[in-house]
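Asks: Hey, can you work out the whole structure from these sequences and the hints?
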Amino acid sequence: MRTAATPPEKTSATQEFLDNLRQLPRNLKDAWFRLGRLPESEREESQATFHNLFLHLHSVRVHLRTLEPSLTLGLGLMATFSFLVLVVTGLLLMIYYKPSTALAYQSMKDIHYVVATGRFIRNIHRWAAHIMVIAVFAHMARVFFTASYKKPREFNWLVGLGLLVLTLALSFTGYLLPYDQLAYWATTIGANIANSPRELTDALGITPYFDPGGFQKRLLLGANTVGEDSLIRFYVLHVFILPLLLVILLSVHFWRIRKDGGLARPEDPAGGLAEWGGKLHRVFEPLATKTYGLMAVVRGRRPPVNRGPEGTVMSWPHLLWAELAVLMLTIAVTLALSFYIDAPLKEIANPAVPENPAKAPWYFLGLQELVSYSAFMGGLVIPTIAVIGLALIPFLDRRPGGEGIWFGMPGERDVAWQSLLFGLACTVGLLAFTVNFGWLRNWFPEIHQLWIIAINPGSILVLLFAGWSLWVLKRKDSVRLAAVALFTCFLVGFVVLTYFATVHRGPNWQFYWRPSQWPVH
Amino acid sequence: MPDTHDVKPSRLEPPPVTRRSFLSIASLVSFLAAMGTALAGVLRLPKPTVEPGPVRRYKVGHPEQFPVGAETLFAEQNFLVRRDAAGVYAISTTCTHLGCAVARTAEGFACPCHGSKFAANGRVLAGPAPRPLPWLEISRAADGQLVVYVDREVPEGTHFQA
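Chains as they are written, first to last, in the numbering used here: chain A, 1 to 521; chain B, 1 to 162.
Think of the hints as simulated: they come from the structure by calculation, not from any bench.
One or more of the hints may lead you astray.
To be verified - In the DSBU-like style, the derived pairs of lysine-lysine whose C-alpha atoms are separated by at most 30 Å in a straight line are:
#, chain 1, residue 1, chain 2, residue 2
1, A, Lys109, A, Lys359
2, A, Lys151, A, Lys259
3, A, Lys346, B, Lys117
4, A, Lys359, B, Lys117
5, A, Lys98, B, Lys117
Only a predicted model underlies this, so the values are computations on that prediction, with no experimental measurement involved.
Replies: Take a look at the structure:
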């Protein structure tokens with residue numbers, strides 16, 4: 001009881017003890033829930049936000065634009081929540097999974113057939129991983145097309161890129177753990193991609209002296225071939241090192257959102273009309289006297305107290321509801337997919353006979369298509385170029401404008417459409433050409449490997465995209481439009497290659513219109 | 001006594017380094033050196049010193065088991081052994097592209113993973129494989145059996161006289 005104002009009467013210690021015991025339930029509840037009820041005033045709502053470790057990631061007030069679902073589509077939240085689902089289901093799977101070549105596959109069978117709810121939990125883990133990869137890619141596209149990487153958010157774009165790489169690394173390391181045919185051969189291919197600088201060093205004849213490929217492969221596998229050492233390395237990476245790094249980067253990512261002044265949005269004209277959500281809203285000049293500057297000095301204007309003069313509302317409950325809605329949606333989709341579609345488990349790994357076709361997880365299939373022309377170019381050089389290119393975007397496009405608006409600069413939408421068509425034509429055209437006429441090795445069987453590394457459909461695609469972007473730069477006289485051109489081409493190329501390798505590549509990596517046409521073997 | 005701080009710093013007469021700043025720079029450098037060395041030691045650990053994989057050296061049988069013109073595939077070990085008029089030789093059946101096991105076809109070998117094709121002697125015919133299938137070293141053990149070393153390459157055309 002909060003009656004500290006009246007001086008306590010002198011009671012015996014026994015009486016005091018009994019009183020405390022009687023009030024124990026209530027005091028316990030007070031200790032846990034400091035307010036004891038739902039907040040009613042804005043003051044209590046702001047306290048609900050910043051007196052809670054987990055909620056105080058949020059600012060106290062949030063702009064209505066930020067809550068507009070069409071701005072973010074909830075993609076970042078979706079990625080975060082699927083990661084949470086992955087952590088929970090992953091911990092559950094760890095109870096039964098045994099990371100050794102002799103036991104791994106059997107423990108997967110146990111999880112699938114014997115463990116209560118084991119199959120469902122594994123399915124959820126698998127589907128949440130798919131959803132996380134999709135959400136992370138889509139989130140990156142959303143941030144790009146709303147120009148949300150611009151100053152002061154360049155650093156957070158880099159952190160996000162790190163999170164993308166970590167997400168893919170987590171997926172790749174998780175792929176080996178079942179130790180079935182798919183796992184074994186996909187990992188063998190992955191490890192040999194790490195080994196592929198040998199393509200270059202062999203062609204130059206310097207492998208005995210300088211062998212970065214062999215070093216990378218050995219570091220990854222701990223041996224020359226996939227086996228016990230590789231499995232334990234992948235396991236440790238998958239269940240500890242990579243998730244830890246991901247959590248650290250994720251915290252930085254969230255923290256930077258706050259420090260950079262919330263989600264990117266256009267500056268509202270003080271004392272005028274601003275448009276969001278398809279409606280015009282009146283923007284007032286805020287009363288400068290009282291602001292919520294409680295947490296720290298953040299960039300941008302601090303939100304003033306009282307009902308949102310410049311279009312802000314309390315984070316509790318508005319932002320919280322939005323987040324819970326995305327959480328519910330993510331979990332609902334994951335559960336529905338996991339209920340109907342099982343995660344695959346092939347035969348036990350057999351080093352003598354590869355799976356045919358041996359396909360990587362879908363998000364690597366675009367790379368696998370490039371790898372089928374040159375392992376070094378397609379597997380290492382082009383991905384490196386792509387990551388460096390993405391990292392440089394906010395440092396090459398520094399002119400402010402269009403932040404927080406889809407295709408916010410004049411002409412962006414047109415360039416995006418044109419680039420989509422251009423990228424589609426280039427990628428489909430090159431694939432059709434290669435399928436019909438083959439490539440250099442088919443025409444000149446004795447050709448030197450260096451030519452194949454330098455000139456292959458993957459490198460030509462990169463050159464075409466870069467050329468297109470430079471042409472847009474020259475013609476439209478805008479760095480942002482050139483970036484839009486390049487990024488759109490990158491997305492289109494990624495999607496088309498992924499689709500092509502998923503659907504149209506069959507046994508021996510040959511072209512088929514449909515998987516039903518694959519030869520029986 | 002002239003105050004050293006009155007002397008305008010120039011290239012010829014740089015400002016004096018105080019004892020305090022010298023010591024703090026020195027301690028910072030030694031701290032970084034210690035951390036760097038520790039980090040190098042930590043990073044050295046994951047690089048395997050020995051190859052923990054299986055020893056890939058296999059006894060394949062006596063020479064009489066390989067008559068001229070015959071071909072024996074050792075699928076588990078990823079190589080095959082042949083004999084022609086010039087002698088016995090072994091060819092690896094691990095694709096030089098990304099390490100898949102190649103399958104024997106009418107014209108030679110085909111890789112199921114990315115469509116590389118090889119002639120019967122290992123030469124690349126099509127696909128992304130950067131090198132021919134390697135020929136492997138053969139020797140004879142004390143008991144007269146042939147031994148194939150999967151990790152040791154020999155030039156194409158090297159035959160073992162058995």
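Asks: A separate judgement is required for each hint: does it hold in the structure or not?
Replies: Hint check:
{"no.": "1", "hint": "A:Lys109 / A:Lys359", "result": "holds, 22 Å"}
{"no.": "2", "hint": "A:Lys151 / A:Lys259", "result": "holds, 12 Å"}
{"no.": "3", "hint": "A:Lys346 / B:Lys117", "result": "holds, 26 Å"}
{"no.": "4", "hint": "A:Lys359 / B:Lys117", "result": "holds, 18 Å"}
{"no.": "5", "hint": "A:Lys98 / B:Lys117", "result": "violated, 38 Å"}
Checked against the numbered hints given earlier, this structure breaks only hint 5.
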